[in-house]
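Throw the hints in and build the complete structure from the sequences for me.
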Amino acid sequence: MMTNKELIIIGGGPAGLTAAKMAAEAGCQVLIIERSPALGGQLIKQTHKFFGSELTYAKTRGFDIAKLLIDDVMKFKDKIEIMCDATVVGLYPNHEITVYQKGVYSKFKATAIITATGASEKFLAFENNDLPGIYGAGAVQTLMNLYGVLPGQSIVMVGSGNIGLIVSYQLMQAGVKVKALLEAAPKIGGYLVHASKLRRLGVPIYTSTTIKKAIGKDFVEQIETVELNEKWEMVSGTEKLIDVDAVCISVGLSPLHQLLSMAAVEMKFVNELGGMVPLINENHETSYPNLFVAGDVIGIEEASSAMIEGYLVGLIAANRIGYHHPHYETLLQSYHDQLSNLRSGPFGAKTRIGLAKLRGETHAR
Amino acid sequence: MLDKTGIASLEQVKSRFPKKEFLAKAKAIIECYQDIPCNPCQTSCPFGAIHIGDDINVQPKLIVEKCTGCGICVTSCPGLAIMLAKIEPSKAVFKIPYELLPVPKKNEIWHAINRAGAIIGDALIESAILIPKQDKTVLVTVKTDLNLLYEFVTIRSKDHE
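Sequences listed follow chains A and B, in order.
For the first sequence, my numbering gives the first residue as 1, with consecutive numbering after it.
For the second sequence, my numbering gives the first residue as 1, with consecutive numbering after it.
Source of the hints: derived by calculation from the structure; they are not laboratory data.
Where is the CB? At the ideal position from N, CA and C, for every residue including glycine.
Just to be clear, a hint being listed does not mean it is correct.
What the hints assert, rightly or not - As a list, the in silico BS3-like pairs of lysine-lysine whose alpha-carbon atoms are at most 25 Å apart:
no., chain 1, residue 1, chain 2, residue 2
1, B, LYS133, A, LYS67
2, B, LYS4, A, LYS179
3, B, LYS4, A, LYS187
4, B, LYS4, A, LYS240
5, B, LYS136, A, LYS67
6, A, LYS122, B, LYS4
7, A, LYS350, B, LYS91
8, A, LYS5, A, LYS79
Claimed, not checked - Non-contacting residues of chain A with respect to chain B, defined by C-beta distances greater than 12 Å in every case (computed):
no., residue
9, ILE82
10, GLY103
11, ALA125
12, ILE205
13, GLY252
Claimed, not checked - Footprint (simulated), chain A over chain B, 3 or more residues, beta carbon under 8 Å:
no., segment
14, 44 to 57
15, 79 to 90
16, 126 to 132
17, 138 to 147
If you want it as structure tokens, here you go:
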């Protein structure tokens, strides 16, 4: 049996929630399909205050932002339908999708679809990286911040992007000893204010250093670190051992593009955006008409940009279906301006270059 | 070195301190050394004493004459990069953001900690305030020896080492 819907949003994280709110505000009927038991995406695990501007809830803690965005959606009970614990397993031409929820498969057909699937973590290849006690940063946050379970007593963090820095700080807050933070690049990747926050708690940060191997019988007991030269080659003789009972890997994210690839939209590998991303036009529409994208699935950024993209794409998708928001033009302009403002600084460079490459501009800056 | 170690140099720290004559009253010390897209310090200041402007990728600037030392920015900065400093005869008084347990109590003596995480002396806790507006970030007032003015950044409990 096929159920018809106006707008289906795949993913109930920051981008999906804001897209749903904006589309419903324009008058559109929306179905949000979320894989997890609850809405909110990664925000629900974030205990720190967010950066950005007031428009994207700066200085509010992540889990509180999730509550605000979910409240916004709940205001449109007559317009927004929510399926949680529901995984979209198929995305096909003619805007048909198949959903698996609690043992039952169902089929939907939509006038328009917004894919807001977010990203997945990258992992790192090293000897014994499958020993128990070696986690991705997302798993550490789920255990610790969602379920109140410590991942270990003494840990080494690998990766100094914002996630690595923030999760290290959260581990210290939870009483876990962070023995070191390793960064393979010569410089700290994330915001230096986060690094300073960690350093003053006594956590040493080793740049140009990576994990060579994990050591342990039934679980990780030690790691061996090694320094890297300018060519990213291991420098022998610089190996050091650190006693740990857990290791956290935080070496970046890549867009969750698999559904889009399944739908055979035109894709491109853009390193600056985190991996495989769909080609899009200025409406965030893929090569498959009425299939839109918002958030990290179109390039790894912060939750602030995911939220703005969600509003923007919700507005556009609703308009396409025939629901013209009363402030369409003003809002459209405002969201475009906010995105360019967010991306205009040095930390936006990767996204700027990535998006230019995606558009096929060769002299991207 | 800040971008390799997370430790700001003495010159960087001093560049964020106003002239000593201003420090008879508490003033905000804003240790934001990078152009990151963020502006809650500017929007939270009720006195217009912190300027970033429309482009939020710019580092904040303190307009020292306008700063009343109220401390609102200290718990508003998501990077915990702002503290207040004041000079008293032979003592330095700071208001710092604190997000760890246990929460310090008035009249306790804690370790004074520098930007590298090392113990540099004693810190007398004068108060630890938490109101709902601070959203769980405690504002701790501490007193140290004046010679720690440019070195002190946080506190550590003597019981939990």
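Hint by hint, here is what the structure shows:
1. LYS133(B) / LYS67(A): holds (17 Å)
2. LYS4(B) / LYS179(A): holds (17 Å)
3. LYS4(B) / LYS187(A): holds (5 Å)
4. LYS4(B) / LYS240(A): holds (19 Å)
5. LYS136(B) / LYS67(A): holds (17 Å)
6. LYS122(A) / LYS4(B): holds (23 Å)
7. LYS350(A) / LYS91(B): It is violated: about 46 Å lies between the C-alpha atoms, which goes past 25 Å.
8. LYS5(A) / LYS79(A): This hinted pair holds, its Cα atoms lying about 11 Å apart.
9. ILE82: holds (28 Å)
10. GLY103: holds (40 Å)
11. ALA125: ALA125(A) is indeed farther than 12 Å from all Cβ atoms of chain B, at 25 Å.
12. ILE205: violated (5 Å)
13. GLY252: GLY252(A) is indeed farther than 12 Å from all Cβ atoms of chain B, at 18 Å.
14. 44 to 57: holds (count 5)
15. 79 to 90: Coverage by chain A holds for the segment 79 to 90 of chain B (3 residues, Cβ < 8 Å).
16. 126 to 132: violated (count 0)
17. 138 to 147: Contact hint for the segment 138 to 147 of chain B vs chain A: violated, 0 residues under 8 Å.
Of the numbered hints stated above, those contradicted by the structure are hints 7, 12, 16 and 17, listed in ascending order.
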